[in-house]
Amino acid sequence: MADWRGERKARDARIEAGRAHAQGKVVPAGEATALLDAVLKPGDRVCLEGDNQKQADCLARALSQCDPARVHGLHMVQSGIVLPEHLDVFETGIAERLDYSYSGPQGARVAKMLYGGQIKLGAVHTYLELFARYFIDLTPHVALIAGVSADREGNLYTGPNTEDTPTIVEATHFKNGVVIAQVNEIVDKVPRVDIPGDRIDFVVEADTPFFVEPLFTRDPAAMTETQILIAMMAIKGIYAEYGVRRLNHGIGFGTAAIELLLPTYGEKLGLKGEIATHFALNPHPTLIPAIESGWVRQVHCFGSEVGMDRYIRERPDVFFTGADGSLRSNRALCQTAGLYACDMFIGATLQIDLMGHSSTVTQSRVAGFGGAPNMGSDPHGRRHPSDPWMKAGREGQVVGDPALMRGRKLVVQMVETFGEKLVPTFVERLDALELAKKIGLELAPVMIYADDVTHIVTEEGIANLLLCRDADDREQAIRGVAGYTEVGRGRDRAKVEELRARGIIRRPEDLGIEPLDADRSLLAARSIKDLVHWSGGLYEPPARFRNW
Amino acid sequence: MESLTFRHTTKTPLAGSKPQAITGVVASGNLEILLERVLPPDTCEVAIETPVSGYGQVWEAVVADFVARAQPGGLRISINDGGARPDTVSLRLLQGARLMEA
Chain A
1 MADWRGERKA RDARIEAGRA HAQGKVVPAG EATALLDAVL KPGDRVCLEG DNQKQADCLA
61 RALSQCDPAR VHGLHMVQSG IVLPEHLDVF ETGIAERLDY SYSGPQGARV AKMLYGGQIK
121 LGAVHTYLEL FARYFIDLTP HVALIAGVSA DREGNLYTGP NTEDTPTIVE ATHFKNGVVI
181 AQVNEIVDKV PRVDIPGDRI DFVVEADTPF FVEPLFTRDP AAMTETQILI AMMAIKGIYA
241 EYGVRRLNHG IGFGTAAIEL LLPTYGEKLG LKGEIATHFA LNPHPTLIPA IESGWVRQVH
301 CFGSEVGMDR YIRERPDVFF TGADGSLRSN RALCQTAGLY ACDMFIGATL QIDLMGHSST
361 VTQSRVAGFG GAPNMGSDPH GRRHPSDPWM KAGREGQVVG DPALMRGRKL VVQMVETFGE
421 KLVPTFVERL DALELAKKIG LELAPVMIYA DDVTHIVTEE GIANLLLCRD ADDREQAIRG
481 VAGYTEVGRG RDRAKVEELR ARGIIRRPED LGIEPLDADR SLLAARSIKD LVHWSGGLYE
541 PPARFRNW
Chain B
1 MESLTFRHTT KTPLAGSKPQ AITGVVASGN LEILLERVLP PDTCEVAIET PVSGYGQVWE
61 AVVADFVARA QPGGLRISIN DGGARPDTVS LRLLQGARLM EA
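Residue numbers (my numbering), protein chains in the order written: chain A, 1 to 548; chain B, 1 to 102.
There may be inaccurate statements among the hints.
Said to hold, decoys possible - Label pairs and their in silico Cβ distance ranges:
hint : chain 1 : residue 1 : chain 2 : residue 2 : range
1    : A       : R502      : B       : A68       : 21 to 27 Å
2    : B       : G56       : A       : L516      : 23 to 29 Å
3    : B       : L99       : A       : L511      : 22 to 28 Å
4    : A       : E395      : B       : P19       : 30 to 36 Å
5    : A       : G117      : B       : L99       : 56 to 62 Å
Said to hold, decoys possible - Chain B regions said to be covered by chain A (calculated; three or more residues, Cβ under 8 Å):
hint : segment
6    : 13 to 19
7    : 92 to 101
Said to hold, decoys possible - Some chain A residues near chain B, calculated using beta-carbon distances under 10 Å:
hint : residue
8    : T226
9    : T417
10   : G419
11   : L422
If you are wondering where the hints come from, they were derived from the structure by calculation, not from laboratory data.
Ideal Cβ positions, reconstructed from N, Cα and C, are used throughout, including at glycine.
Just chain B, with the same shape it has in the complex (with noise of 0.2 Å):
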């Protein structure tokens, strides 16, 4: 198991006022992200639990792109990754910042 932390600032925080969320469904391949809106609002925080080491420089660029497209300021991400592709959890924070601005 690794765990990896990666912070961010934005420069806008993101739209909508819901306070936590969570989309995908955990142990199908298909991973769980919690999203809580606890952070200040330029900041954005990213922790990933995952079963598959060495893959530090893949997610650091998921969440970089991520952050720059979603600019999810104010929000806390975990994600749970049950060894899921790098598409998929890319996916599934795209999807969890819609469910956030909602």
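Same shape as in the complex, but just chain A (with noise of 0.2 Å):
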């Protein structure tokens, strides 16, 4: 006869071995590795909640001492590569096969292990697409997740870095996995329940607070003329030209630049209200003026930022926050809102091709996909039109019945020609297609395809892909703008001169702009501190961006 509940006995099963290093279930974080001892066994499919920021390092240092005969052959499903010990289990045996998502400071070291063949790579994701699979064929038998705070019974405050916590314990709580929840203090009562204590069977309680990277704060006082002068092309030729008010921005130089121009050169071309008012973003910084003089409406967050909890406890109108005042984020409904909720995703990247493709991996390092290309991507399930979607999607028309057109996602690609050390950002060919073979990739790691791509700006000028009629087209358009690089100097100039008459290619003079009006004194704040004045003190920088 059927078992129906096997799944179910074997977790009663887990949780009653794990009970003995356990009160309650309260775990001192010295028994933290017993526990894991206990609790797994070899070849799960284990979730260590590594996000984007938020980290469950108590949990990973414990994980990585587990006893490799007794506990091996893991297989790790988890958004991100992020700590040493993520992937030091891979090297003592614990941890053997691997599906993840964004790898940033461990990206060298992952290349390494895949050519090294201490990793076997299941795929490297975006973040909406692992998460979907924690539901469908990656369900985790155990999650190892972060928290603040926790009562006794397990409720679960994760503080303003909610990130990815909800997601991982839906999927493993009630497909009859473990969940395990490392926290900076047990109390009596946490400030708000994001996760209801029945979904914890065990809360650790860590000896030191879990690390949070801030990943979102860009100074302004590096701000360079040339981010500025692209920045200004992207407000007039794209914001202003689409009438984008929904929107992502990337985490680069050149978005925060924006950020720091509208409440300037925003307002002196009188687009207050007309653009960037409601945003699928991280608490950036550098938004803080924009919010500061009411260009800004709302903002949904993936996660927080380090030193933007008392600011967004004084702002509710602008950000999602509980009934405690501190920020609330969730990174899978954040990136499912930029993906269909809004009209344009812009952002920077490190190699585009002649066609348009791009990607961020090196010949080194596989730094992993993160969300960019859920945002970056026409969403062909969207239904509700906008004035930008329709727009794009009439530029883009080339033959059909209009009444059957639909619209399309803006996606715009702003880079500078040159980056680090004079690396072209344009190549005739992207090094992740040699990573792909050295490695043995089935699949390309490919940022964002070309067929996605609508812009390229640079500081030579805009590049409008949808206008674009055949290859040739869209070849020189992206040599037309892309400056000195050899790609650049290797253009067509005639059918550069001739896309440009037919608006494909606009130079700053085309847009009514002059390079040399790109000064710093059009930011809005020009230092760290000056971000700190505009928010009445409320915003706390870490110590690394004070030099005060």
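Work from the hints to combine the two standalone chains into their complex.
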């Protein structure tokens, strides 16, 4: 006779084994490794919460100290490979297989270990794709997550950096998995219940508060005139041109410059209320001046940002906050919002090829995707119209019945033609292809595919790829804004002038912008200290950004 | 360190009469440019000192575009590039020409 409760029984047995190391649900940090040794089984699928920002670092250390004779061959399914421990477990054999999304700081080591065969890779995902697979074929047996505090019943307060936690717990708990949370402190009553206690099986009181990386702080003092020029062109040539109100920004200096130009240059152009009012965005400190001067009406966040908590608490009309006053973020929902409810994604990349494919992979680093491809893609499931979406759709339509036309998401790549150390951004062939061959990836790691990109903005001008009608138009439009790179110098000058006449390429002068006006005095804030002033002292920048 | 010198003939001299100007800040990835009005009015010379070798063709293109656009006849321009990117060099050259026209 079939046993329909095998998984449930296995979960109960794991919890029973773990109870030996707990008082009720509470486990001291020193017992964390013993708890994991008791709960985990060889070959388990394990989600070790490594987010974009928040890290279950105490549990990561505990896992790396497990006995490989007992715990081995784990299949790690987690969005971020960020801490050294995330990879140490593959060296000791505790873990064997990996499905993940983002590996920023560990990108070089991931590449080396893939090449050396120490990691058996499933796939590198986008965030939404990995979260989706948690519910289909990558459901964790055990989830190791991080929160700010919990009570003895396991009710969990995640704090402003909620990020991936609700999604991981949903998939694990409701499919017979075990959820273990590390918290900074055990309290009698949590400020708000982000995860109900009956979904948390064990609570580990961490020895140190969990690590959060300030990933989204860009110091205005480091912004260059070139970045300001590109930002001016984007505001006038794209934001104003399409009337983009609902959008997502990347994390680079270019979009930070746009945020700082809204209250100055944008104001001068009379665009307040007409553009950039609703965001799917982390709470970027550089957004403070635009919020304070009434440009930004609403922001939904993937996570939080170090130093922004007090400011956010005082601006509940703008941000999503709980009954306790602090930010409620949610990566899965914000990614979905960025995909379906925003009319534009605008961000930077490291390499763009002649067709407009882009990648952040270099020959020695697998940085992963994170969320950019989710937001930087045209969602074919969208059915609500908006002016920017319809205008982009009209521009991109080549053939077919106009009555059956659908809109297009604006996907804008904003890059300087040369990167650090004079490395060209524009290339004939992406390094990603070479890397894929070297480490045997079935699918080349392309961040944003050419058919999703609508515009490329550089210091030389804007290329509108929607208006291109054939491959030659497209290649020359890209060469035509590629500046002094080899790709740029290889342009067909006559063709580029023809594209300019057709409005496919627009130079600063075509937009009424004088490059010599791109001056740092245009920035609403020129330093981190200026941002603190704008916030009325509510923004508390981390030490590394303070120089006063 | 690589030294490059480009000499161009211009259609017109640069407007204005300012004898000398400096723009930019050296050693900030931001390069310094010295402009001097010391050459015949139909001549422009640009001398570049760069720590990054192998970009001769890039600098040649940057300078040619600048000369075509600004017609900086009469100027000798010395660039201490500090590894700056071509777009920054181009911007500084135009800023320098504007200072000399003042």
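Hint-by-hint comparison with the structure:
The beta-carbon spacing between A/R502 and B/A68, approximately 23 Å, falls within the hinted interval of 21 to 27 Å. About 27 Å separates the C-beta atoms of B/G56 and A/L516, a value consistent with the hinted range of 23 to 29 Å. For B/L99 paired with A/L511, a C-beta distance near 25 Å keeps the hint of 22 to 28 Å intact. The supplied range of 30 to 36 Å is broken by A/E395 and B/P19, whose beta-carbon atoms lie about 51 Å from each other.
Taken as a hint, the range 56 to 62 Å holds for the pair A/G117 and B/L99, whose Cβ atoms sit roughly 60 Å apart. Judged by the Cβ-Cβ criterion of 8 Å, the segment 13 to 19 of chain B is not covered by chain A as claimed, because only 0 of its residues qualify and three are needed. By the rule of at least three residues with a Cβ nearer than 8 Å to a Cβ of chain A, the coverage given for the segment 92 to 101 of chain B holds, with 3 such residues. Proximity of A/T226 to chain B holds as hinted, the smallest CB-CB distance being about 5 Å (cut-off 10 Å).
The restraint placing A/T417 at the interface with chain B holds, with a minimum CB-CB distance near 6 Å, inside the 10 Å limit. Hint status for A/G419 relative to chain B: holds, with the closest Cβ pair at about 8 Å, below 10 Å. Restraint check, A/L422 versus chain B: the minimum CB separation of about 6 Å is within 10 Å; hint holds.
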